[in-house]
Amino acid sequence: MAVEKDLKAILGKLKYSDDAKVAQQITEQMRQVQARMAGIKHKLVVMSGKGGVGKSMTTVNLALAFARQGAKVGLLDVDLNGPCVPRMLGMHGQSLTMSPEGAIPPVGPLGVKVASMDFFLKDASPVRWKGPMDVSPAWLGLMEMNVIREFLADVVWGELDYLLVDLPPGAAADKPPVIAGFIPDLAGAIVVTTPSEVASDVVQKSVTYARDIGIKVMGMVENMSEYRCPSCGEVNELFEGNTEAMCEMLDLPLLGRIPFDRTLARTFDKGQPLLDDTYPTIQRYQDIAGRIKTLLDYKKVLAEQL
Amino acid sequence: MKFVCLNCETYMNFEKVEKPGEDTLGVFFGCPSCNAKFSMVTNPGETQMVSSLGVKLGGRTVEAEPFEMTRGTLKDEATAATSQMAAQLNEKIQGGQPAVAAATAATAAKPGEKSGGGCPFSAMVADMGLTSGGKPGDAGATTTEFAWSADAKEKLDRLPSFVKPMVQSSVEAFARKQGYKTITLQVMDDSKSESSNGMAWTPEAEQRLENIPDFIRPMARKEVERVAKERGMASITAQVMDEAKDKFMKFM
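Line by line, the protein sequences give chains H and P. Going by our numbering, the letters in the first sequence line up with residues 1 to 306, in that order. Going by our numbering, the letters in the second sequence line up with residues 1001 to 1252, in that order.
No lab work stands behind these hints, which were simulated from the structure alone. We put the CB at the ideal spot given by N, CA and C, even for glycine. Errors might be hidden in some of the hints.
Dumping the calculated BS3-like pairs for lysine-lysine here, alpha-carbon to alpha-carbon at most 27 Å [unchecked claim]:
hint, chain 1, residue 1, chain 2, residue 2
1, P, K1245, H, K300
2, P, K1229, H, K13
3, H, K299, P, K1222
4, H, K270, H, K41
5, H, K293, P, K1245
6, P, K1247, H, K130
7, H, K216, H, K293
8, H, K21, P, K1229
9, H, K299, P, K1153
10, H, K299, P, K1229
11, H, K15, P, K1155
12, P, K1037, P, K1075
13, P, K1056, H, K293
14, P, K1037, P, K1056
15, P, K1019, H, K300
16, H, K41, H, K21
17, P, K1229, H, K300
18, P, K1229, P, K1181
19, H, K41, P, K1037
20, H, K13, P, K1075
21, H, K299, P, K1002
22, H, K299, H, K41
23, P, K1247, P, K1222
24, H, K205, P, K1245
25, P, K1247, H, K216
26, H, K21, P, K1056
27, P, K1181, P, K1153
28, P, K1229, P, K1155
29, P, K1247, H, K300
30, H, K41, P, K1222
31, H, K15, P, K1056
32, P, K1002, H, K41
33, H, K216, P, K1250
34, H, K205, P, K1155
35, P, K1247, P, K1229
36, P, K1002, H, K21
These stretches of chain P come out as covered by chain H in the derived footprint (C-beta under 8 Å, 3 or more residues) [said to hold, decoys possible]:
hint, stretch
37, 1206-1213
38, 1230-1240
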């Protein structure tokens, strides 16, 4: 009969080494993310706890606003399951160009470089991963995080003034704040909400969670503030809420308010975005971009104006 | 993951990985002492877990290609059918109207003109009674030892229900500290400008803070108070403002 061995005693005598080199490779992956993003001056994420508040519309328009100011801009759409940035910018059907140096992003309106899961998908096809779907809860989250890590590590952005990252919806112990935590030297997060109390309630949770994990929340954009009827011209509020009070409570600046604008929305839906900088709603995005720029340079502003 | 040869009391060495079938990996180990070999075989779930890490067991022999894992794990399915469906749906929903034409038509619509289709939200807006800014409600109200003036109460009632108790408690804490019995609009405003650090600001310092754009003023206030705290000062004076300005000059 075999002698019973004391595993604890055996392990106490042995020196562990990672033969499979998993830890080493994960460290290398993170190093590659840092190296790849080194040429980007300001990295910003656009997030919201709530879905359907217009995160992508805000991200895309802020990217275009920065580009109009002469900045070099990249836009990373990491909403893997609902990527819509390429379609909004009329870039659906384009793809990343694979090269030995990495994946080269296509260039959209006003010179904005774009990377998105949409570039890997065909038309209306949803994201489907290989693997046993019956046990997907065990691996799907890990898989998606690593796909996002590849987006951060493998896209050749080159020198950029701003990289805007459109995060998927989610509030607390969920992906968005964790994704933001992946990004080295993140300048901060822009939070999008609607004046609806339901949205505000969820959004404030995402702000709290983001702060808990050390993400600087720069300010809030109120989307769908009001609706101007294209038929009668009457302006009405769409929701009953008070984003200003929420910002005050969370000690956050309200960066601006964007009306629900059917004209503008339709051009993005069709992939032929309205780019006219004299258009009133676009001017509001320009103002918000200006405020973000001031926030990024706030120490300079204090030195000059205090 | 490591394996121990219990006979030799040593770790076994990782040797190689093979793929004996779909959704399974065979990971081979050998004992450096007795040369015993064995292979661990993973089930589909375990295989996918390892693949999801985006690493190669045993280390990389060649550089990773861009989007290696994403491209390697996306299902490659024919999507012609879904493509056609999308086009049909798009045609039905958008009526095949070119975006530019639609945009132009919508832009051209002036107040009072009918451009067809009408206002998609008018019914909803009417249902909600939202022709002016928000209606007062009692949701979220809590009992109070203070008398609230009518206009202050109205301002409080306009806040979202989840914010109201917090604002009320903050204003009342300020009123309690100041010895007020009645909360007016002025008390509400004063409670907002009270520093959370309990620092007093001289009028001159407050005036200089007004030079900062309003949306970064709260941030500036905190930064100045931090400078004062670092220097052991209990109030914000023009001198503290100068020192803060000097500090920020270094970032120019």
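*For the pair we were handed, K1229 of chain P and K1155 of chain P, check the Cα-Cα distance against 27 Å.*
The hint is violated at about 34 Å.
_Would the hint linking K270 of chain H and K41 of chain H be met if the CA-CA limit is 27 Å?_
violated (32 Å)
_Pair hint outcome, K1247 of chain P versus K216 of chain H [Cα-Cα no greater than 27 Å]_ = holds (21 Å)
*Are there three or more residues in the stretch 1230-1240 of chain P whose C-beta lies within less than 8 Å of some C-beta in chain H?*
violated (count 0)
_What's the verdict on K21 of chain H and K1056 of chain P, does the C-alpha distance respect the 27 Å limit or exceed it?_
It holds: about 8 Å lies between the C-alpha atoms, which stays within 27 Å.
*Hint consistency between K299 of chain H and K1222 of chain P [alpha-carbon to alpha-carbon, up to 27 Å]*: holds (12 Å)
*Taken at face value, is the distance from the CA of K1229 of chain P to the CA of K299 of chain H at most 27 Å?*
holds (18 Å)
_Straight-line alpha-carbon gap K216 of chain H to K293 of chain H, limit 27 Å_ = holds (15 Å)
*With a cut-off of 27 Å on the C-alpha distance, tell me whether K1229 of chain P and K1181 of chain P pass.*
violated (32 Å)
*Is K41 of chain H close enough to K1222 of chain P, meaning Cα to Cα at most 27 Å?*
Roughly 25 Å between the alpha carbons, so the hint for K41 of chain H and K1222 of chain P holds.
*Given the proposed pairing of K299 of chain H with K41 of chain H, does the C-alpha separation stay at or below 27 Å?*
Answer holds: K299 of chain H to K41 of chain H is near 16 Å, not above 27 Å.
*Taking 27 Å as the top limit, are the C-alpha atoms of K41 of chain H and K1037 of chain P close enough?*
Not satisfied, since the Cα-Cα distance of roughly 53 Å exceeds 27 Å.
Of the numbered hints given earlier, the model fails hints 2, 4, 6, 8, 9, 11, 12, 13, 15, 16, 18, 19, 20, 21, 24, 28, 32, 38; all others are met.
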